[in-house]
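J.: Take a look at the letters that make up each chain.
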Amino acid sequence: MTATSAEALPAARDTTDAPRRWAAPLWVGALLIVLAFLVIYPLLMLVFGALSDSNPIVDGFGSFRPSAKHFLDVLANENVHLAFFNALAACGGGTVLAVVIGLAFSWIVVRTNTPFKGFIAGASMIPLFVPPLVAGVAWGILGSPKTGLLNTMLKWAGIDFRFDFYSMSGLIIVFGIYYAPYVYMFTASALRNMDPSLEEASEVSGASAFTTLFTVTFPLIAPAILAGSLLSFVVMLGIYGVPAALGAPANISVLTTYIFKLTAWSPPLYNTAAAVAILLMVVTAILVWAQQKVLSGKSYATVAGKAFRPRALNLGSWRWFTFGLALVYLFVVVVLPTLALIIAAFRKFLFFKDFNALFDWSQYSWVHFNSVFDNPLTMLSIWNTLKVGVITAVAGGALAFAIGYTVNRTTVSGRRSIDLLATLPVAIPGLVVGVAYLWAWIGLPGGLYGTIWILALAFVARFMPDTVKALSTSFLQIHKELEEAAWICGRGLLGTIRTIVLPLARPGVVASMTLLFVLAIRELGSSLFLYTSDTTVMAVLLLDYYEGGNTGKTAAFSLVQTAILGVLLGLTTWISRETTQNTRFN
Amino acid sequence: MTSALLIEDLVKQFATGKPAVDGVSFDVPAGEIVVLLGPSGCGKTTTLRCVAGLEHPTGGRISIGDRVVSEPQRGLLVSPRERDIGMVFQSYAVWPHMTVRQNVAYPLKHRRKNGGGDINTKVNETLELVGLGDYAERPVTSLSGGQMQRVALARSLVYRPQLLLLDEPLSNLDAKLRIRLRDELRRILKQTGMTGLYVTHDQSEAVVLGDRIGVMKDGKLLQMAPPAEIYNRPADSFVANFTGASNILLGKVLARNGDKATIDLGAAGRIEAWTPQPLAVGDKARVALRAENVRLGEKGPANAFSGRVVERRYQGMQTVYDVELGGQRLEALELGTAARHNDGEIPLTLPPDQCWAYRDEGATSVE
Numbered sequence: 001m002t003a004t005s006a007e008a009l010p011a012a013r014d015t016t017d018a019p020r021r022w023a024a025p026l027w028v029g030a031l032l033i034v035l036a037f038l039v040i041y042p043l044l045m046l047v048f049g050a051l052s053d054s055n056p057i058v059d060g061f062g063s064f065r066p067s068a069k070h071f072l073d074v075l076a077n078e079n080v081h082l083a084f085f086n087a088l089a090a091c092g093g094g095t096v097l098a099v100v101i102g103l104a105f106s107w108i109v110v111r112t113n114t115p116f117k118g119f120i121a122g123a124s125m126i127p128l129f130v131p132p133l134v135a136g137v138a139w140g141i142l143g144s145p146k147t148g149l150l151n152t153m154l155k156w157a158g159i160d161f162r163f164d165f166y167s168m169s170g171l172i173i174v175f176g177i178y179y180a181p182y183v184y185m186f187t188a189s190a191l192r193n194m195d196p197s198l199e200e201a202s203e204v205s206g207a208s209a210f211t212t213l214f215t216v217t218f219p220l221i222a223p224a225i226l227a228g229s230l231l232s233f234v235v236m237l238g239i240y241g242v243p244a245a246l247g248a249p250a251n252i253s254v255l256t257t258y259i260f261k262l263t264a265w266s267p268p269l270y271n272t273a274a275a276v277a278i279l280l281m282v283v284t285a286i287l288v289w290a291q292q293k294v295l296s297g298k299s300y301a302t303v304a305g306k307a308f309r310p311r312a313l314n315l316g317s318w319r320w321f322t323f324g325l326a327l328v329y330l331f332v333v334v335v336l337p338t339l340a341l342i343i344a345a346f347r348k349f350l351f352f353k354d355f356n357a358l359f360d361w362s363q364y365s366w367v368h369f370n371s372v373f374d375n376p377l378t379m380l381s382i383w384n385t386l387k388v389g390v391i392t393a394v395a396g397g398a399l400a401f402a403i404g405y406t407v408n409r410t411t412v413s414g415r416r417s418i419d420l421l422a423t424l425p426v427a428i429p430g431l432v433v434g435v436a437y438l439w440a441w442i443g444l445p446g447g448l449y450g451t452i453w454i455l456a457l458a459f460v461a462r463f464m465p466d467t468v469k470a471l472s473t474s475f476l477q478i479h480k481e482l483e484e485a486a487w488i489c490g491r492g493l494l495g496t497i498r499t500i501v502l503p504l505a506r507p508g509v510v511a512s513m514t515l516l517f518v519l520a521i522r523e524l525g526s527s528l529f530l531y532t533s534d535t536t537v538m539a540v541l542l543l544d545y546y547e548g549g550n551t552g553k554t555a556a557f558s559l560v561q562t563a564i565l566g567v568l569l570g571l572t573t574w575i576s577r578e579t580t581q582n583t584r585f586n
Numbered sequence: 001m002t003s004a005l006l007i008e009d010l011v012k013q014f015a016t017g018k019p020a021v022d023g024v025s026f027d028v029p030a031g032e033i034v035v036l037l038g039p040s041g042c043g044k045t046t047t048l049r050c051v052a053g054l055e056h057p058t059g060g061r062i063s064i065g066d067r068v069v070s071e072p073q074r075g076l077l078v079s080p081r082e083r084d085i086g087m088v089f090q091s092y093a094v095w096p097h098m099t100v101r102q103n104v105a106y107p108l109k110h111r112r113k114n115g116g117g118d119i120n121t122k123v124n125e126t127l128e129l130v131g132l133g134d135y136a137e138r139p140v141t142s143l144s145g146g147q148m149q150r151v152a153l154a155r156s157l158v159y160r161p162q163l164l165l166l167d168e169p170l171s172n173l174d175a176k177l178r179i180r181l182r183d184e185l186r187r188i189l190k191q192t193g194m195t196g197l198y199v200t201h202d203q204s205e206a207v208v209l210g211d212r213i214g215v216m217k218d219g220k221l222l223q224m225a226p227p228a229e230i231y232n233r234p235a236d237s238f239v240a241n242f243t244g245a246s247n248i249l250l251g252k253v254l255a256r257n258g259d260k261a262t263i264d265l266g267a268a269g270r271i272e273a274w275t276p277q278p279l280a281v282g283d284k285a286r287v288a289l290r291a292e293n294v295r296l297g298e299k300g301p302a303n304a305f306s307g308r309v310v311e312r313r314y315q316g317m318q319t320v321y322d323v324e325l326g327g328q329r330l331e332a333l334e335l336g337t338a339a340r341h342n343d344g345e346i347p348l349t350l351p352p353d354q355c356w357a358y359r360d361e362g363a364t365s366v367e
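Heads up: the protein sequence lines correspond to chains L and U, in order.
Sequential numbering from 1 applies to the first sequence in the working numbering.
Sequential numbering from 1 applies to the second sequence in the working numbering.
These are computed hints drawn from the structure, not numbers from a lab.
Just so it is clear, CB atoms sit at the ideal spot from N, CA and C, and this is done for glycine as well.
Any given hint could turn out to be false.
Pair ranges (Cβ atoms, derived) [to be verified]:
1) L/T579 with U/T58: 27 to 35 Å
2) L/F116 with U/K109: 34 to 42 Å
3) L/F218 with U/E125: 53 to 61 Å
4) L/E481 with U/T16: 17 to 25 Å
5) U/T16 with L/F116: 39 to 47 Å
6) U/K109 with L/M125: 34 to 42 Å
7) U/A15 with L/M379: 50 to 58 Å
8) U/V68 with L/L476: 33 to 41 Å
9) L/E481 with U/V68: 55 to 63 Å
10) L/G297 with U/Q191: 33 to 41 Å
11) U/D218 with L/G495: 45 to 53 Å
12) U/T16 with L/C489: 42 to 50 Å
Here are some chain L residues pointing at chain U (derived, C-beta under 7 Å) [claimed, not checked]:
13) D195
14) L198
15) G206
16) T211
17) I391
18) A395
19) A398
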């Protein structure tokens, strides 16, 4: 696709040659059509679904009677209100917690002499890689009001306190601790880029370290704090796994779980689901817009010029306290849930009559793993997941390369629209992409629905903004003159891309494809509406096990999935690093 | 008069490499401005930051007023906020989330002892002093670079600290503004009677602002003297070269008499020169002199030579000549808009007082 039409791009300036003159508009047109097909068509179908009450499967599209009434009815529905406010409460509370944790960690890592800072910085990013459903399942095992492992231990210890993670506060805590890294990423880089003399000036002026922190440091990185909290809020809002695992037992619906519930009814309420999905999308879009606004505003914490020597506050013996805080966080986020999953997966029954029963080895076995692998769907889902991941990475990577190059490296008209269309999905939660693709393809006979491709296309569309952004960064690092030099040497555009741009951008391209692959294999939200029994993927099958109510099997498959993700992640990181290392030119 | 700042044998050793500051000692009497001058990486900024307490010295002693603020051997270290100092940073470091007034009032609000008085009055007075009286309520982000630097200066002056530290405060400004602000800075500092330690790599700043200039290189203080002495009696061939004596003639010491030496330049003949160093007969020597001090077309009573103009470069306000002198090269500078000399043989005089001989220790030059 990149090949033939791109050949003529620079010739767009060469007005003497008629066929070449047409190449640029044709190329832009082709890209726009592809993007429209991936993004605009499904969204239109989603709006269509929300505005009608005809079932696409039963009625076909012939009997379309558009009416705003249906949409307004849905918005006026009490259950929708409840789900909406539950979502705001869970994500709002989670964001507050995430800001506290994220800010504390970024300060500890960037601005103090806490020991093993590198380790803390690396380890505190682990929650980003934990699939939300796995986290939810693990905390269900730990904190369910009756059988939760934490509560069992409290009972042994004779403490009259019980955790209940099947609740709004449980949801908030799990959201908060798992999505703190989003805040951390923003605040840590803001702190790192901040001119240390801004703080030194305060110190010389006579202010204490504490006063400096609250009158200079935090106000200066306020934009980063706001951007990070908006991002984490948006991410939480689109998450299905955590509220499905922790909210459902207590009958707490948030927007995402409510949408899925609507499609799981019999008969499925696709129209209502589309309407609620649009509500979710609008809220997300507003927040994303606000976040972009904050980020593009004057970020005054950074002063260009000289490289700063990082300034580490000497905490004295308090540094062991901050180190302890970091350890507690890691224990809660990584060690505890992992232990819970391991115990649940290997115990025949998740019941302990006393403390010693925990070490009764006769109670441990591979029985849950056996039953997981006895199910033919298990291997099928793993195989499907890999297939979808590879297709998404290759197709999405190629498309993102074409878009990134066209937007960043050419002056063709229409590239702004391409950029806009490619960035649009940033404001669409995965679950909404799923519902939109459902509406786009379910009514078309012989179409994509029921194949692996619909999943892959949905993922390509969903992750397009991240991929294009990652690739654009590496394009921007290649100086335009490197390309121009090749043109001067008589290379055509295609030849230049192949011999100059592609080799130089290779680390970026590999990294983006890796990112796409990882994102695709752990995606649950959009898969929920698009899989069939033949095309089930790991994330969906895990949800199946969980809803089947067998904790042991769920935990076992969670471990299997986490192990596979870990191996693939390690492998792709390794490949990515190898490529980068072989592409040093000086 | 007691010293406002006394530095004795200061050493700062970072985790790796050579010491950044290696045994520096000097003092700044109250009301005087001392400028530390040197190329980047010479240790001048590290010295300043040690005085501020932002960097922790590994050896020596620093006293501000009569109080020792840093003496690592005794484990003594006073925090920056308790040193009663003001500091102006290279990047201004004005807080972008505050207005001009909030920036300047900040130290008055957060310092422990403030000598009483109304905060607003003090802020207004100081803003008037730096010429920002009408800008008090503006957000600092709306100011130009030069105005931001005035805010930074006002912020460090407002509480009348015992000692003012300035870390290349003008280097982020454009050339014209730098000259204007430099002269104004001197006026303000003298008007307030501040004691100052000023760090720069710019000679013209150093000469205008400094009551004394200390030239630093590789963590060592090479010479500390009033500007005229630095320019006319450089103690070291690096100081000579750094302050603009770019001509070097190589030779051998023939005779020595007090601080005068006679040096054999080979084919060019003999030259009389002043020397601050213990040169002995037979030593290899390098004679440094400024291009401005070469007198073309003159036959003086001493150090008269005959050279040949190889190239002439007319630069408008001045003309530079490349002169060959007995196989060695010399640059001569003639001020004025007329270039009076042509290519070819020419008599020239190198005034003995302006020729300085140093021991030849191989190449020493400033990039």
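J.: Run every hint past the structure and note whether it holds.
T.: Tested hints:
1. At about 44 Å, the beta-carbon gap between L/T579 and U/T58 misses the expected band of 27 to 35 Å.
2. Distance hint check: the CB atoms of L/F116 and U/K109 are about 37 Å apart, consistent with the given range 34 to 42 Å.
3. Checked against the hint of 53 to 61 Å, the C-beta distance between L/F218 and U/E125 comes to roughly 31 Å, which is inconsistent with it.
4. Between L/E481 and U/T16, the C-beta spacing of about 37 Å breaks the proposed range 17 to 25 Å.
5. Distance hint check for U/T16 and L/F116: the Cβ-Cβ separation is about 21 Å, which falls outside the suggested range of 39 to 47 Å.
6. Under the hint 34 to 42 Å, the C-beta atoms of U/K109 and L/M125, about 39 Å apart, fit the expected range.
7. Checking the proposed 50 to 58 Å range against U/A15 and L/M379 shows it holds: the Cβ atoms sit about 54 Å from each other.
8. Between U/V68 and L/L476 the Cβ separation comes to about 53 Å, which falls outside the hinted range of 33 to 41 Å.
9. Between L/E481 and U/V68 the Cβ separation comes to about 57 Å, which falls inside the hinted range of 55 to 63 Å.
10. Between L/G297 and U/Q191 the beta carbon distance is about 40 Å. The supplied range of 33 to 41 Å therefore holds.
11. In this structure the hint that U/D218 and L/G495 lie 45 to 53 Å apart at CB holds, the actual value being about 52 Å.
12. The beta-carbon spacing between U/T16 and L/C489, approximately 45 Å, falls within the hinted interval of 42 to 50 Å.
13. Hint on L/D195 holds. Least Cβ distance to chain U is approximately 5 Å, under the 7 Å limit.
14. For the restraint placing L/L198 at the interface with chain U, the shortest Cβ-Cβ distance is roughly 5 Å, inside the 7 Å limit, so the hint holds.
15. Because the closest C-beta pair between L/G206 and chain U is about 3 Å apart, less than 7 Å, the hint holds.
16. Interface hint at L/T211: satisfied, since its Cβ lies 6 Å from the closest Cβ of chain U, which is below the 7 Å cut-off.
17. Because the closest C-beta pair between L/I391 and chain U is about 48 Å apart, greater than 7 Å, the hint is violated.
18. Annotation: interface hint on L/A395 violated; nearest CB of chain U at approximately 45 Å, more than 7 Å.
19. The interface hint given for L/A398 is broken, as the beta carbon of that residue sits about 43 Å from the closest beta carbon of chain U, more than 7 Å.
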